[in-house]
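Asks: As a plain string of letters, each chain reads:
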Amino acid sequence: MKTKMLKTATLVLFFGLILSFVGYKSGFFSSDNESAKTHHPETEKDSLKKIKKDSLKDTTPENKKVEIIPSSKSMIIMDPPPKSKKPNNTKSLKYVIDDRELMMGSSKSAVMFDPNDLKIKEDSSLYDSIWFDTLKK
Amino acid sequence: MIWEIDILYLLLASMISYGFLMLVFIPMEKVFPAKKGQKVFRPHWLVDTCFFLGQYLFWGSLVIWTLNHFAVYLTSFVPQSFQESIQSQPIFLQAIEVIILSDFLIYWAHRLQHNVDFLWRFHKVHHSAKKLDWLAAHREHPLDSIYTVGIINLPAFILGFPLEAIAGVIAFRGIWAIYIHSNVRLPIGPIRMLIGAPELHHWHHDLDRRAGNYANVSPLMDIIFGTYTCPDAEPEKFGIEEETPNSYIGQLVEPILPNSLWNKIKRKSG
Chain A
1 MKTKMLKTAT
11 LVLFFGLILS
21 FVGYKSGFFS
31 SDNESAKTHH
41 PETEKDSLKK
51 IKKDSLKDTT
61 PENKKVEIIP
71 SSKSMIIMDP
81 PPKSKKPNNT
91 KSLKYVIDDR
101 ELMMGSSKSA
111 VMFDPNDLKI
121 KEDSSLYDSI
131 WFDTLKK
Chain B
1001 MIWEIDILYL
1011 LLASMISYGF
1021 LMLVFIPMEK
1031 VFPAKKGQKV
1041 FRPHWLVDTC
1051 FFLGQYLFWG
1061 SLVIWTLNHF
1071 AVYLTSFVPQ
1081 SFQESIQSQP
1091 IFLQAIEVII
1101 LSDFLIYWAH
1111 RLQHNVDFLW
1121 RFHKVHHSAK
1131 KLDWLAAHRE
1141 HPLDSIYTVG
1151 IINLPAFILG
1161 FPLEAIAGVI
1171 AFRGIWAIYI
1181 HSNVRLPIGP
1191 IRMLIGAPEL
1201 HHWHHDLDRR
1211 AGNYANVSPL
1221 MDIIFGTYTC
1231 PDAEPEKFGI
1241 EEETPNSYIG
1251 QLVEPILPNS
1261 LWNKIKRKSG
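Respectively, the protein sequence lines represent chains A and B. Residues in the first sequence are numbered from 1 upward in steps of one, following the working numbering. Residues in the second sequence are numbered from 1001 upward in steps of one, following the working numbering.
Treat the hints with care, as some may be off.
Once the Cα atoms are required to be at most 27 Å apart in a straight line, the calculated DSSO-like pairs of lysine-lysine come out as [said to hold, decoys possible]:
1. B/Lys1035 - A/Lys2
2. B/Lys1030 - A/Lys4
3. B/Lys1130 - B/Lys1039
4. B/Lys1266 - A/Lys2
5. A/Lys7 - B/Lys1131
6. B/Lys1130 - B/Lys1266
7. B/Lys1131 - B/Lys1039
For the record, the hints were derived by calculation from the structure and aren't laboratory data.
Given the sequences, and given the hints that come with them, work out the whole structure.
Replies: Here is the structure:
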């Protein structure tokens, strides 16, 4: 009986953590403002609309950065500037490199949490404090 | 100053990831062990921790940096009209196409790694682990990572597919890829034909270099191409037949040096 309970608890913990992780990475636990800051669109439909809208514009890497910052690095990777507008400045390239959240990992392992995950929390706490300051006034 | 903060974040993210993975996998490895009696701090756990930290702190960025450059050049050859026609399909259809194409490509790319000696030089680092667990999953040469991650993301690059639309699927695949290496035996019955399990992947890590089970997370490609194998028991031994260095630096350096030079270094160092 004790073994059975232990096994059940272990399975619940295992699948619970995996589900939580998948939910977190999908932006399920983000508030509206936070999810705008993360790279995950709210729905698949929104994502497609956004991509279509982006692809219709003639964008320089700099413009893309402004428009797509809350979006993913994969967006930038997969929708690179035309040949003549290769990201030859370190600023735009750095953004692409740093924004490493969404990419299929190798078959062996994947990065679980990266600095972006932590920075989002920092930003949201900043946002909240501004909001609190406004309330005080 | 900013870069110092970035490094701090990187270190913190690595530590959180390490702790999170321990919390996810160690209880499973203790309660449902594949190899009973295998300790958490088993031989070479420190080498695998170096691989883990190396991946998070250095090589992960190198892989992304390389792929960014690669993708810019690659996608410049893809006609925009082709990407637009793909993107005009429903997003779930695009997602299915990308996942199937990625699985197909990575299956054959992985099979090549086991059959082409040049690719095996780098891939054998991953197979050199004699004890399998969640940490051993991270034992991977950076050049092997570039090859694997590049190929698995190739369909998304070419089709112009927004991976953020399947962020959950990617997260699941990432953590499941670690799970199939863990020291767990939890038979899941016929579902294992759809989704990979440690009992399948452990056989891929058998001493026999061509043991099978090359598919990524789902074993469907193995079933289709006849490389699926799942005996009832665990393999007797994991690892490779060749002699490999035991140190982290040795594992990184050995594949990139000619054999003669490596043997010379080995002789000199005694």
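Asks: Now, for every hint given, state plainly whether the structure supports it.
Replies: Hints versus structure:
At most 27 Å may separate the alpha-carbon atoms for a hinted pair to count; B/Lys1035 and A/Lys2 meet this at roughly 22 Å. At most 27 Å may separate the alpha-carbon atoms for a hinted pair to count; B/Lys1030 and A/Lys4 meet this at roughly 14 Å. A C-alpha spacing of about 13 Å is found between B/Lys1130 and B/Lys1039, which places the hinted pair at or below 27 Å, so the restraint holds. With a CA separation close to 53 Å, the supplied pair B/Lys1266 and A/Lys2 exceeds the 27 Å bound.
At roughly 23 Å between alpha-carbon atoms, A/Lys7 and B/Lys1131 fall within 27 Å of each other, so this suggested pair holds. Taken as a hint, the B/Lys1130 and B/Lys1266 pair is honoured in the structure, with Cα atoms around 21 Å apart against an allowance of 27 Å. Using a Cα cut-off of 27 Å, the hinted pair B/Lys1131 and B/Lys1039 holds, with the two alpha carbons roughly 10 Å apart.
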